[in-house]
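4 protein chains.
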Amino acid sequence: MADVGALAFSRSSRIQALLDVEVALTEALADSGVVPVSSVPPIRAAARVELFDLDQLDEDARHAGNIVIPLVHQLTRRVAVADAVAAGHVHLGATSQDVMDTALILQLRTAVDRLLRSLDRAADGAADLAQRYVDTPIAGRTWLQQATPTTFGAKAAVWLEAITRGRRRLAAALDEALVLQFGGATGTLSSLGEAAPIVERALANRLALSVADIPWHTQRDRLAGVACALGITCGSLGKIGRDIALLAQTEIAEAHEPVAAGRGTSSSMPHKRNPIASAVSLAAAVQAPGLVATMLSAMAQEHERAVGGWQAEWDTLPALVVLASRSADAMADTLPHLVVDPARMMVNLDAAGGVARAEGLMAALTTHLGRREAQVVVERVTAQAISDKRQLQDAAADDPVIRQCLTIEQIAQALDPANSAGAVGSFVDRVLRRWMRDRKQG
Amino acid sequence: MADVGALAFSRSSRIQALLDVEVALTEALADSGVVPVSSVPPIRAAARVELFDLDQLDEDARHAGNIVIPLVHQLTRRVAVADAVAAGHVHLGATSQDVMDTALILQLRTAVDRLLRSLDRAADGAADLAQRYVDTPIAGRTWLQQATPTTFGAKAAVWLEAITRGRRRLAAALDEALVLQFGGATGTLSSLGEAAPIVERALANRLALSVADIPWHTQRDRLAGVACALGITCGSLGKIGRDIALLAQTEIAEAHEPVAAGRGTSSSMPHKRNPIASAVSLAAAVQAPGLVATMLSAMAQEHERAVGGWQAEWDTLPALVVLASRSADAMADTLPHLVVDPARMMVNLDAAGGVARAEGLMAALTTHLGRREAQVVVERVTAQAISDKRQLQDAAADDPVIRQCLTIEQIAQALDPANSAGAVGSFVDRVLRRWMRDRKQG
Amino acid sequence: MADVGALAFSRSSRIQALLDVEVALTEALADSGVVPVSSVPPIRAAARVELFDLDQLDEDARHAGNIVIPLVHQLTRRVAVADAVAAGHVHLGATSQDVMDTALILQLRTAVDRLLRSLDRAADGAADLAQRYVDTPIAGRTWLQQATPTTFGAKAAVWLEAITRGRRRLAAALDEALVLQFGGATGTLSSLGEAAPIVERALANRLALSVADIPWHTQRDRLAGVACALGITCGSLGKIGRDIALLAQTEIAEAHEPVAAGRGTSSSMPHKRNPIASAVSLAAAVQAPGLVATMLSAMAQEHERAVGGWQAEWDTLPALVVLASRSADAMADTLPHLVVDPARMMVNLDAAGGVARAEGLMAALTTHLGRREAQVVVERVTAQAISDKRQLQDAAADDPVIRQCLTIEQIAQALDPANSAGAVGSFVDRVLRRWMRDRKQG
Amino acid sequence: MADVGALAFSRSSRIQALLDVEVALTEALADSGVVPVSSVPPIRAAARVELFDLDQLDEDARHAGNIVIPLVHQLTRRVAVADAVAAGHVHLGATSQDVMDTALILQLRTAVDRLLRSLDRAADGAADLAQRYVDTPIAGRTWLQQATPTTFGAKAAVWLEAITRGRRRLAAALDEALVLQFGGATGTLSSLGEAAPIVERALANRLALSVADIPWHTQRDRLAGVACALGITCGSLGKIGRDIALLAQTEIAEAHEPVAAGRGTSSSMPHKRNPIASAVSLAAAVQAPGLVATMLSAMAQEHERAVGGWQAEWDTLPALVVLASRSADAMADTLPHLVVDPARMMVNLDAAGGVARAEGLMAALTTHLGRREAQVVVERVTAQAISDKRQLQDAAADDPVIRQCLTIEQIAQALDPANSAGAVGSFVDRVLRRWMRDRKQG
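Residue numbers (my numbering), protein chains in the order written: chain A, 1 to 442; chain B, 1 to 442; chain C, 1 to 442; chain D, 1 to 442.
What the hints contain is simulated information worked out from the structure, not anything from laboratory work. Do not rely on the hints blindly, as some may be mistaken.
A few chain B residues that face chain D, going by a derived Cβ cut-off under 8 Å, partial list only [stated by the list, open to error]:
#1 Q145
#2 A245
#3 P275
#4 N348
#5 V355
Pairs of lysine-lysine residues, derived as BS3-like cross-links and limited to a Cα-Cα distance of at most 25 Å, are as follows [stated by the list, open to error]:
#6 A:K272 - C:K389
#7 B:K272 - D:K389
#8 C:K272 - A:K389
#9 B:K389 - D:K272
Here a beta-carbon is modelled for each residue, glycine too, at the ideal position from N, C-alpha and C.
Hey, can you work out the whole structure from these sequences and the hints?
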């Protein structure tokens, strides 16, 4: 896949991130006086991914157990050609996992930052829909059956608030995870002696990461936290995709994804507009839970460094970031341009005789008949409208009990979905205000 | 299971929580002037779980689609016997899901609060271990192989910091989830007319919950957030269980769970001390990920109320709370009483000739020979110790190159694991301080 | 839940199954001459669940590590009262896990057999639909968009074939799993000495199970196989539920679940017919994958008997059986009585101007214009029908190029969905024949 | 990753498989007389992956919704350059999913066949171990505690039988899945008219696949079946990896992975032999369940072709095959060369005073004292041995009650683990015989 999320975790990006950590380590060792400053330039010069044979690295990694072992080997040999002393300073004090974990954190920072910006775009799109359609009646649907009416703005606000919270949750999880991994073989940093805390601090500074209270080689809760936040985001975006795909059904046609040449169309079926972006988000919502479960399953890691659990994370967390990015991009490209058909929403409210709007009639009758009697009357007339396949409004107009209470105009008004929005206006307002606040805080 | 976590989600607790919400709703309606205050006592009187036929409710729920429908039916009939008017005020304005979701939130509050207290006990136990054994040498183990030494206090600190963070994460997720669900059929509260926001606020007050910005019938991210926090906690506790089970192996025997009559013992194998609590935590760590995945998979819910996704949550989230509670209880009962054998830890450091301590020797030789030469020498003497099955210390003492650099005493000192703690002291200190701070803030 | 699937795994059923295994073990020991026949009656008399304090057992199990330890303890004490010698023969040669695993197998046999019968009923219902509606046109829908027409019988046949295969797969997995667990403490049966193979064979005979090649305390692939077959079944049934829920949408209304008093209806929204059974199957399809994943995650079990993995199975496999049973029951109750509306299917084929049927027009034009030219013409007229919001048939009748090739009657015939069934007839036939064959073989 | 399993699912392999299906389709159309034979060569000539711009394809696939749409587009243009008529015959009658699903089946056939051969190698290795060490005593371990002795051959036989069954299960699942996907837009093959069944048969013949009873665009149980079989295999292999990693612990050291230069060694810790292959299998066992769960979660697919569920499979099933292949390769490379240390196994049996062997003593005493009394005596002397930290054999020799029953020699013999193998010999034999039989049938 060539998408943006994937780029951060391409093979060459991964290797370069590892090399960046090795360079920063040398710099930190020099900052701390453990190695001479002269060792930095030759290491920095050699630590460029384009100098490495990536296929060979993969091959060697399978024998060594991880990729840093052959990478450091190759790097050291390259440095040695230029500067034998510097070669002795490559990777000093670190264990492979220090480098792999820290590089992962750097990649997460880049990729999740991008993802947060996509969520912003998606949220802006949803906010615009919520605002614009706050009063636009649409059939509320429960169990995939028409229930009482709501507004399309309310639906969009429900989308928006989940993105808002998802964004905040993900940013917090990332923030918590932006810590250095640096412990050496068993998390004691013993090979650095007295210099350990100084190098640790210098390395964190070089990489703009926090110092961890203690190395976390086998305590993976912060990574699991990021994974969970990604998984929840995929779920919330999947809900939006589900709604759009359902609204876009040929028979419903209340909204559809923006049209573009060749986008979701079929040459043999020119009428189709496949909801491509929704499918991306739905697929991500199907895939993410399994990957989150893997990250959680991997947590019970042995002693100071694990056999199996850690290795299980290698493919999993990047895959999850890519998936969530793809889903966020899909919705960021869709929501601001969603094609909405308010007229069709109104037409659909007449489906099944418009009986979904019976609640308004009952409210109007309750003041005349009391709640119980009103309910009996409404149930009777609704059942009749369904069995006679006519509009509820007409059936009500013909009902003598109802007509003793209400005029034709009052019946029409009672059934007007525009009067059924209830408290939706204030709900949408609250959601929008929270988003604006979050948006400002960045 | 009769354990504490399970009690909060027993069938009768679940029903009572639903009834509590119905009572609070009537109170809120009365507070808001929508129904007379006189309707409250008869509803309150009838809303006691012991008055209901739970088997019949379950049976009816299968036909109705959820349990609130028959529950409200039974409740209304009961109230009607005492007060026909009050019967008309039962469940007014609410949809079944309002009641089920809000009751779930109430149960979560109770059960997760308990769980947090168990985590406190577990953390206190780990903190005590970290403090007490901060200088006690133990073999660091990576890939289940002895690597360089660390201290048992460091191991306990790694346990502690994950509990600390897990506790904070879970409390935050719970806090975010303590919101009222109240939207009526499609989330508009339209049947309450103008009174909707007043009743909403009154109901939230009655239940000491926050008002949600907008009904969240199909946006389940907050519940998913709680599920994830529970899942991560299970993972972190599982790591502790894994470590204890490994340390308790007959051949290692460095720590074992507290002994009690009949606890993990076998009449036919009296020498065994099965790590019962560790197994509980390990099992929870195996089970939780699948349940978390289910909560995430259920998120892409349709329109205003879902068909399938919501229903999938009903068994899942309670099961997860019970599981996490069981795991936290197990570790809360174990960590404060863990039986630790520092002497055995020292003995095991001599396994395989004590070669795990070679790092200290290399450090000592580096000042004499330079890093490269020191490494060559150490590798040679280590390999020899292994192949000759003798202690590294003895092999080193016989090595002419080493003896040119170091005296017998210096060799012994270089190999003394008490000198290999590295920066562990400051790591443990940082972890303890953070826990103390969190502990104080409660 | 009081449903049938759950009954097999109620607490008392579980305990009785354990006791049944203990009785069978004594019988087998007597059959083999290891214990006197006189020991059987007192053990059998005491091994009745109603004699035991189940809450106490649960409580004790938490301390002992599993439930068989206190159960055997209680059982032995009970037997001792009547017959001290017999008391010495309780549980002879077995380990707790032998009893728990074998009891699980017995319960699986009962519960899965029931489940298979539900699948038969569901399949019969689907077969009837496939047969009856083999020629009934319905819009084919891809990406939730109308595509070319198919028939409702084809849809039902797709449901049927998955149930057919699911049934066979599940029966095979169960069959493979119907093996005795009997190995003693570490799978050697050493405490029975020479008698071991004789007792093993006798116990298998008593329980009508196969002898395993070797005890399988930590090789759980057969149980995982049953779990997977259950999970796949839930998935296939969930697909049926999804289709029904979608067909039952108010705006589509082509099929709905059978109506019964109080079933899926809402007093406040009398027009609704919530697809209750579909929701059950959809929920099961959401929940099952996580439980299957747990069974798979539990497989990497340590040495001769596990710490954590085995324990993780205890709740999981029963939950999965209950879930799958509930789903199968739901579809078994629904499919034979599904309410189908062929007229509505035909009406919906006219949605969006009936453009979903354009393929027939293209076929008719291809013989006159060649494939490329025909496609250009059809795309043009289809686009026009959509933009003008008129029926494709009318737009085609007004198109001069088309009218040079086809008469009005030929256009109508080309667009008649009754002519679009393609090879569906033979597909349905093949599916039905395979089901008949399987059904006969039982 | 460059490993064998991954190769089958590399980007270029995937594209070529799609092209292979397109070529076979043209051949089948020609075989059936639907298109002229002359259309085959130009299509075949153009259908070579090296002619395509893969990055562009990926880019276009994101807009089109799947990769076949732009692939067919590019292919058609290429063919058109050489032969305009043939260009009109590309992809005739098929829908994108026909091609993608069928290509997936072809890739599965290749990749799973390879995997089965790896399992054969792993099984041969396990069989050899089972045979060679059938009588070699080793501590049986339950809950990671030494229990009664077993033999290393029994352990290997438990490994073997799971591979044996896993192999058979996977072969059967693959066999069931080797069916053609061919249905056109909505599974009716209507665009091929009368020729449909003939083309279907011809295409199946060309690809050596079975004809499906009915197109299976949204019934994915056969793919789920393959996924499950892969998942179970990963679990069984993970159990082997777990055992090896535990046996290889520094303090236990009873077996370790074959040594090779640079394999699992650490330059800074030369004594380490990291169990690299075991980690691969353990990691696969952690990752596979989540991927299997995804395949199951994706099953509830909508109508004739899905929105989300199908798309979720694209990355998932290949990832699972690659994972399982990697795990099988790891064990196939390890088991035949596993380094086993029977002497060390015997030494470890003396751990904790050799009390794990107490069962033999009890058996010997039972004939003298009866079972109850014997148990009391053994428990007492065992407890004493543990508290005095001496060998059980010595403690027993000093016990007056025991010495009244047994001579020193008899005590020694009773405690000799060589006499504790129980029925292991026949168990191992049964497992080996089944494997030989399966192996022959191949």
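How the hints compare with the structure:
| no. | hint | result |
| --- | --- | --- |
| 1 | Q145 | holds, 5 Å |
| 2 | A245 | holds, 5 Å |
| 3 | P275 | holds, 6 Å |
| 4 | N348 | holds, 6 Å |
| 5 | V355 | holds, 4 Å |
| 6 | A:K272 - C:K389 | holds, 15 Å |
| 7 | B:K272 - D:K389 | holds, 15 Å |
| 8 | C:K272 - A:K389 | holds, 15 Å |
| 9 | B:K389 - D:K272 | holds, 15 Å |
This entry satisfies every hint, going by the numbered hints stated previously.
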